[in-house]
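Student: Protein sequences appear in the order of chains A and B.
Those letters in the first sequence? Residues 1 to 399, by this note's numbering.
Those letters in the second sequence? Residues 1001 to 1399, by this note's numbering.
You may find that some hints are simply not true.
[What the hints assert, rightly or not] 20 Å max Cα-Cα, derived SDA-like pairs, lysine to any residue:
1. 395(A) / 1341(B)
2. 115(A) / 212(A)
3. 395(A) / 1081(B)
4. 396(A) / 1340(B)
[As the list claims (entries may be wrong)] Every beta carbon over 10 Å from chain B, so not counted as near; a handful from chain A, in silico:
5. 29
6. 39
7. 115
8. 123
9. 156
10. 185
11. 190
12. 212
13. 219
14. 283
15. 285
16. 296
17. 312
18. 360
19. 368
20. 394
[What the hints assert, rightly or not] Among chain B residues calculated to face chain A with C-beta under 10 Å, some are:
21. 1027
22. 1056
23. 1061
24. 1064
25. 1066
26. 1070
27. 1071
28. 1087
29. 1178
30. 1179
31. 1225
32. 1367
33. 1368
34. 1371
By construction, these hints were calculated from the structure, which means they are not laboratory data.
Cβ coordinates follow ideal geometry from the N, Cα and C atoms, glycine included.
Protein chains: 2
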Amino acid sequence: MDIQDLLKGLAIKAESKIILLVIDGLGGLTMDGGTELEVAHLPNLDHLASISICGMLDPILPGITPGSGPAHLSLFGYDPLKYSIGRGVLEALGVDLPLLEGDLAARGNFATIDKDGKVVDRRAGRMSTERNRELCLLLDGMEIDGVKIITKCVKEHRLVVVFRGGDLSEELSDSDPQVIGVPPLDVRPLREEAMASSRLVNEFLNKAREILRDQVPANMVLLRGFSKTPVIPAFTDLYNVRAACIATYPMYRGIAKMIGMEILKSGQEIEDEFETLKGEFAKYDFFYLHIKRTDSMGEDGNFDGRVKTLEEIDRFIPKVMELEPDVLVVTGDHSTPSILRSHSWHPVPLLIRSRYCRVDGVRGFTEMECMRGGLGRLQSINLMSLILAHAMRLKKYGA
Amino acid sequence: MDIQDLLKGLAIKAESKIILLVIDGLGGLTMDGGTELEVAHLPNLDHLASISICGMLDPILPGITPGSGPAHLSLFGYDPLKYSIGRGVLEALGVDLPLLEGDLAARGNFATIDKDGKVVDRRAGRMSTERNRELCLLLDGMEIDGVKIITKCVKEHRLVVVFRGGDLSEELSDSDPQVIGVPPLDVRPLREEAMASSRLVNEFLNKAREILRDQVPANMVLLRGFSKTPVIPAFTDLYNVRAACIATYPMYRGIAKMIGMEILKSGQEIEDEFETLKGEFAKYDFFYLHIKRTDSMGEDGNFDGRVKTLEEIDRFIPKVMELEPDVLVVTGDHSTPSILRSHSWHPVPLLIRSRYCRVDGVRGFTEMECMRGGLGRLQSINLMSLILAHAMRLKKYGA
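Turn these sequences into a full structure, and let the hints guide you.
Tutor: What follows is the structure, given as structure tokens:
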């Protein structure tokens, strides 16, 4: 029995309200005399930490740096080693392309091939997004053997291709050779069951080659990362909550939608997200509010930008407290230290505020303080049970 | 390989003595300016903590509130998600009804049905325990197809029914409809293998109806929570110890007996239990001493009563130390904060005193101090290996 089976049997309906504030890439490393959390002036988060129980979350396992997909699955209580969201599926979610059960998605590049069919530029000169959109329109809506093919522009030379209908398999090799000077690869079945799917994808690629024959700068499509929408139990069923997502980036909305959360409309600014939270607070039990900018700035190595964004978030904390949620959780999906310019394996600060938390004497919302918190060091996958417990939404296990 | 398989292969005989003092419902939450442990004057436990290594135990997993059954199994090193003690079995253990392997037990209510056979009172007016005993005598000792049926009074309208002999299955639905105005339900097999058992139980219920026909206020029995004694490895074999239990409540003695501990005679007071410990100390290696009152008072919301009980326990600690156990462990099976009036998910304070513990600078036996202890946050299922290690009772694993 895994944690989710256990929780599904114990979760009960209740009136309590939960807010899970995910500050993407929250944790950092020392640079310029402190971490971003230490350098930032965060009077409201520090106060909140002092009346909460705090700790550190390992997104997956100690030492493992997660992508956004597994990091979020884990926060939501799904075993990230059991459920995976493939790269094609993530790319589709990232451009707000709604996926249905059974859809097969792939990442694509518009590329340039020479007259012998050999790849000369895998990115077609990093063509414009505008031109990408035009080429996508040429390919979109094709139908082969009853399977509909959807193409959608991502950015520059990148597109996503979705195959819809029939019994498709994701056990397919890439057509993208990853090097130049060779022709695109045939897509091969990695298991016998994928034979028909490989024929279908190769037929699409041949048709795409014909359609794009005279286009510039891209006259071919390369595909990689074939993946199907995972069969995943609904968050709302598992935990017996009405759950809503507030996020500015399509990918996070996509993950939330995939597990059955309601997606709320919100503007692109942090202020807009908190405004939406307030406006919709009466209608749901569980709110997942995602803030992206802290992660993007970490990836840019923008320490000061991260500090400023944290300070901006801090100013909205009193407004969140005014809503009087029964449980307020502040954490991140993973760390993105500016000094590394990337996601990292470092555990993520966590605070849980509820009437029934065991306040632990932590004095501020920093990595160092949370390390000494009463929750100790937990895996993210254990967070949901703690949240539901503090919201008085779990029955006793056994007699 | 689970932890127990590992320990079974490593546990060796030794002369060392272990005392596991389980203060039921030990951990609390702040109320009246502190938790029960913080408000209580506990000079002996505080001193003990200062020369021990401390930590916090999650009974099952973070966020999960356990019943007494799984909480105790976990303390004794049994995976509570693998071994379960069903409700019928717990009820039988709770009235000191010794169970044999293969016994099928159910919780029962004496109920009132009308002339059409419909339930009009599921609790027969909460009849007296005295009358219950009389009716149990009418039903006790029946035999159907070689299966002996034992009925025993629990309290008021509640009884326990045990079916003994033959190949019985617990995969049975309840006969208790849980509502009035409908007849008792037929007991249905939940799996094919339970067909014969369902017929047997239904025949018992029909005979009970005949026997009770003219009785007042109860003329019927309703059954629920069918469960068999779990097949569970013996504590003594697994850990290579002569183990004894000192407990005032039947249910805890029942669990201890089920895993093969010797049950020691003791009076009902805390003082009596420590007296028994002293008197029997030479005869066993491992003593499980259970104190119930801290939990009962937590369930009553009696903060002051819990404080006083903790202070009473504290006065016996020097006597325990005089016995010079090689390992002395003080912990609980779960928290029962007075403010919640119920078991809770909060982790439980733990101290391990031994000549070979790594003393960690903890200054008192409270939730806050133990949170900062050197053991960190552990699952209860990991406690037995720590106990055996500190008692020099585990071989090295591997070369």
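Student: Against each hint, give a clear statement of whether it holds in the structure.
Tutor: Checked hints:
1. 395(A) / 1341(B): This hinted pair holds, its Cα atoms lying about 14 Å apart.
2. 115(A) / 212(A): With Cα atoms ~13 Å apart, residue 115(A) and residue 212(A) stay inside 20 Å; holds.
3. 395(A) / 1081(B): Answer holds: residue 395(A) to residue 1081(B) is near 15 Å, not above 20 Å.
4. 396(A) / 1340(B): Holds. Residue 396(A) to residue 1340(B) sits at ~13 Å (cutoff 20 Å).
5. 29: The assertion about residue 29(A) holds, with a minimum of 23 Å to chain B.
6. 39: holds, 26 Å
7. 115: The claim stands: residue 115(A) keeps its Cβ more than 10 Å from every Cβ of chain B (closest is about 62 Å).
8. 123: holds, 46 Å
9. 156: Since the minimum Cβ distance to chain B is about 44 Å, residue 156(A) lies beyond 10 Å and the statement holds.
10. 185: Holds, because the least Cβ-Cβ distance between residue 185(A) and chain B comes to about 43 Å, which exceeds 10 Å.
11. 190: holds, 32 Å
12. 212: For residue 212(A), whose nearest Cβ neighbour in chain B is about 54 Å away, the distance exceeds 10 Å, so it holds.
13. 219: About 55 Å separates residue 219(A) from the closest Cβ of chain B, which puts it past 10 Å; holds.
14. 283: holds, 25 Å
15. 285: Residue 285(A) is indeed farther than 10 Å from all Cβ atoms of chain B, at 17 Å.
16. 296: holds, 31 Å
17. 312: Non-interface label on residue 312(A) holds, nearest chain B Cβ at 31 Å vs cutoff 10 Å.
18. 360: Violated, because the least Cβ-Cβ distance between residue 360(A) and chain B comes to about 6 Å, which does not exceed 10 Å.
19. 368: holds, 14 Å
20. 394: violated, 6 Å
21. 1027: holds, 8 Å
22. 1056: The hint holds - residue 1056(B) has a Cβ within 10 Å of chain A, the shortest such distance being about 7 Å.
23. 1061: holds, 6 Å
24. 1064: holds, 5 Å
25. 1066: holds, 5 Å
26. 1070: holds, 4 Å
27. 1071: holds, 8 Å
28. 1087: holds, 5 Å
29. 1178: Violated - the Cβ of residue 1178(B) stays beyond 10 Å from chain A, reaching only about 16 Å at its closest.
30. 1179: violated, 20 Å
31. 1225: This hint holds: residue 1225(B) lies near chain A, its Cβ roughly 8 Å from the closest one there, short of 10 Å.
32. 1367: holds, 6 Å
33. 1368: With Cβ-Cβ at 6 Å, under 10 Å, it holds.
34. 1371: holds, 5 Å
Comparing the model with each numbered hint stated earlier shows that hints 18, 20, 29, 30 do not hold.
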